[in-house]
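Enquirer: What follows is the residue order along each chain.
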Amino acid sequence: MKRVSFFAAIFMAVAMLCAPAFGADTIKVGAILAVTGPASFLGAPEAKTLEMMTEEINNKGGIMGKKIDLIIKDSGASPEKALSFAKQLIEEDKVLAIIGPSTSGETMKIKNVAEEGKTILLSCAAAEVIVNPVAKYVFKTPQKDSYAVVKIFQQMKKMNLSKVGVLSSNTGFGKAGKEQIEKLAPEYGIQIVANEVYDKAATDLTAEVTKVKASGAQAILNWSIEPAQAIVIKNARQIGFKGPIFQSHGFGNIKYVEAAGPAANGVIFPAGRLLVANSLPKSNPQRAVLLKYKKDYESRYKDEVSTFGGHAYDAMLVLTKAIEKAHSTNEEAVRNAIEDLKGVVGTGGIFNFSPEDHNGLSIDAFDMLTVKNGKFAILHK
Amino acid sequence: MNFDLFFQYIVAGITYGTIYAVVAIGFNIIYNATGIINFAQGEFVMLGGMTAVTLHRYLPLPSAILAAVIITMLVGALIEIFFIRWLRNPSVLRMIIITIGLSILIRETALHIWGEGVKALPYFTGTSVTSIKLGGVYVSPQVLWAVGISAIMVALLSAFFSYTMTGKQMRACSANREAARLCGINAKNMVTFSFMLSAAIGAIGGCIVCPITYVQYDSGTPLAIKGFTVAILGGLGNSMAAVAAGLVLGILESFSIWFMPAAYKDVISISILLIILFVRPSGLFGSSEAARLKEY
Chain A
3 MKRVSFFAAI
13 FMAVAMLCAP
23 AFGADTIKVG
33 AILAVTGPAS
43 FLGAPEAKTL
53 EMMTEEINNK
63 GGIMGKKIDL
73 IIKDSGASPE
83 KALSFAKQLI
93 EEDKVLAIIG
103 PSTSGETMKI
113 KNVAEEGKTI
123 LLSCAAAEVI
133 VNPVAKYVFK
143 TPQKDSYAVV
153 KIFQQMKKMN
163 LSKVGVLSSN
173 TGFGKAGKEQ
183 IEKLAPEYGI
193 QIVANEVYDK
203 AATDLTAEVT
213 KVKASGAQAI
223 LNWSIEPAQA
233 IVIKNARQIG
243 FKGPIFQSHG
253 FGNIKYVEAA
263 GPAANGVIFP
273 AGRLLVANSL
283 PKSNPQRAVL
293 LKYKKDYESR
303 YKDEVSTFGG
313 HAYDAMLVLT
323 KAIEKAHSTN
333 EEAVRNAIED
343 LKGVVGTGGI
353 FNFSPEDHNG
363 LSIDAFDMLT
373 VKNGKFAILH
383 K
Chain B
2 MNFDLFFQYI
12 VAGITYGTIY
22 AVVAIGFNII
32 YNATGIINFA
42 QGEFVMLGGM
52 TAVTLHRYLP
62 LPSAILAAVI
72 ITMLVGALIE
82 IFFIRWLRNP
92 SVLRMIIITI
102 GLSILIRETA
112 LHIWGEGVKA
122 LPYFTGTSVT
132 SIKLGGVYVS
142 PQVLWAVGIS
152 AIMVALLSAF
162 FSYTMTGKQM
172 RACSANREAA
182 RLCGINAKNM
192 VTFSFMLSAA
202 IGAIGGCIVC
212 PITYVQYDSG
222 TPLAIKGFTV
232 AILGGLGNSM
242 AAVAAGLVLG
252 ILESFSIWFM
262 PAAYKDVISI
272 SILLIILFVR
282 PSGLFGSSEA
292 ARLKEY
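Protein chains in written order, with the numbering used here: chain A, 3 to 383; chain B, 2 to 297.
So that you can see chain B by itself, here it is in the shape it has in the complex:
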């Protein structure tokens, strides 16, 4: 393997990794606020992409994306208000089954609205054949957009959770909901807010990767599986770790093609998921002590 080829694989890996990381961050936000895994997270990504494609017929690209993100946020809020909010002390299993049911519901609705066709947003800069040549390595400008926007998103998120009152309140709810309520925090609203936030992040992710991967009514599920793997790999609830874990998995997958038939690419991610679950359930970057202290 020569130098150029090595870096071309790295670039491919970063592309995959960014997509996975964005989905994983969405998982983490809801997990932090409620302790549940929202298996409809992949559908938020699909909804964001689909809505943006439809709106782009009438609006310029930036406003179409903005509107799509807002619409997906509203869907996230409605889902929480109608299906999650009124449950009293639901068990984790019940919540998981509800979110799986929701994902099927959203998918089928999308099939009725948009049909079965593949759709795509135009490239933010250039076209599907444009690429930037760095030495012997070709990079699509959309990959740079995806990496850049994801990086900004992660930075804003961590600032939000560390420095704003709402962010701190959400973290308080995640640490101990009962205590947070006693301090006067409206825990229920925080849960709604976490659904909106993760729907928005999913939708942004859907818009930035949609020129690369296309979007179809059922493209959410495979993304959710990869995103879930990455969230577990990084340690549930830790968004920074999810980015690192996403890149690790993406680069592993991309290099695996060199020595294994490409069809086995997914074997890698599922094997990693199983190994992590058996050996280190708190994730690569999580501390097992902290995981034990959290009670759900």
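The following block holds chain A by itself, in its conformation from the complex:
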């Protein structure tokens, strides 16, 4: 027994020596991200991006001389885990702000906790309900899903498509997108001829696309963020569906294009400009930011960037800009500073926050992209 406590004492001493010196000279930032689990393709690049940025900021001497102490929690895309991590970060770690969660379902679950704990929440999830109605402490960096739907419908009108078969997954993202599609379709004269919801873990969707094809749809619009979005296009082409296939802005990950193979060619989807950074004109104000992020991320992780990591980049960017602007690490002051930020050039677009708009992006943040020979390209039509 004595021996055990002796070792325990040594262990404690070593642990205390190894622990970084916490104190007033660090800024604690929490992050709740789906690093593993079904939404890991969102959370993993987000976590990598935050680690990379924190290191860069700290190497430059931090913000106002204070280093960032980043605490990443892996929620595995489970809203329940996200909730308990949020409470832990707010009550025990007393963080200045929380970046994330990665998914809309998790964000909605912890929205109230952040609001009651008066902690800034910078969500990396897409659903519009996160910032509409506006909650005082809740912000988000990805473009709104209603803008994505509008962009798609405008494109469909250009292509004279009116009968659309809608597929969506049973996640927060899928549900929110489906609601927006149903709400906005009549405005653009789009008729929804089939409307199917599938499970997020679906491995084959032949039966679903067969039903959509039988409904006489001219185009398929799929709304999901899981591997299923690559399966949909593959199965649709296999059963001989010839019409155009539209995807949500959740398609912005080259891995899905690789997984779907030739079936991915011709898919049309709205996305931020990160994926086509190299082909942007020199005059584009986002070009420099995008190319730097792309180069830093890809050389460090030997992996291609996705728009999702970009959302975390933007969240950290907004937070650091706000701290500099407020010249304080007081929660209230930083929160007010975010609402005053204008013209912040991020990966998702140019952010202009206001007390009424906690997203700060306009519809111009989206471009319509397509896939050509297994690569993302700007859609010229």
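These aren't lab readings, by the way, just hints derived from the structure by calculation. Among the clues, some could well be false.
[Said to hold, decoys possible] Covered by chain A, per the in silico footprint, the following chain B stretches (three or more residues, Cβ under 8 Å): (1) 115 to 129; (2) 208 to 220; (3) 247 to 260.
Ideal placement from N, C-alpha and C gives every residue a C-beta, glycine not left out.
Once you have looked at the hints, place chain B on chain A.
Expert: Then chain B, alone, in the frame of chain A:
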């Protein structure tokens, strides 16, 4: 519903059913040899697919698949030797908990090795958009590969269990391990062998379905649940029945989309599992008498 549509649903159902049946056969082999349900069976499928994808960067497709199957077999053997073999008279509950723990262990290891990304093997013939048109019905060539290879696998397995000495010894161990040991059969080696065999079948399954369904570090678990349902539905331990039960469940699921929202597809399989467990625990094709005679 017109004629073409009806058959298109049948084809979709056969695709699902084959995938489920392959997993269920893996469950059955270990069940036959040891009386336990190996809940890490889905992970064998994932391991096979993942290893094949990685090896395919260096090797042509057939040799990559062969190597992946051998590697997964070795993993199966190591698992049995390290975690199962030295247990003396373990209770069924304990074994189940061990296999669940193993499945988590394999999953997390896979996450560290391969990361969280989705991976896929290329289609064996053609590409992801190729399909063969039979009348008004479109069939992906990969579905034909999956059905064909599964059929060959089932035929070889039943020949193995009926005609080879090792197969007979395994069956003897399953019927009565004590008596088998008295006849000079090394029961422990038979258990190791059953893990290798079911790991190999899982890995082959993983390789043939991976172009269709993709593979990710956690794609084993949902497959294991469906495979387990099918194994129960057919009657535990009966591989032929598992194929039939797999096709029944696959076709039911595929037609359910016609009259129910697609998100309820899984409700069907879980409801069937519950009904079977309540009403006919020996499975659709199993005899309740035989089930009672087996003692575990």
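Enquirer: For each hint, tell me whether it holds in the structure or not.
Expert: Hint check:
no.	hint	in the structure
1	115 to 129	holds (count 10)
2	208 to 220	holds (count 7)
3	247 to 260	holds (count 5)
Of the numbered hints stated above, none is contradicted by the structure.
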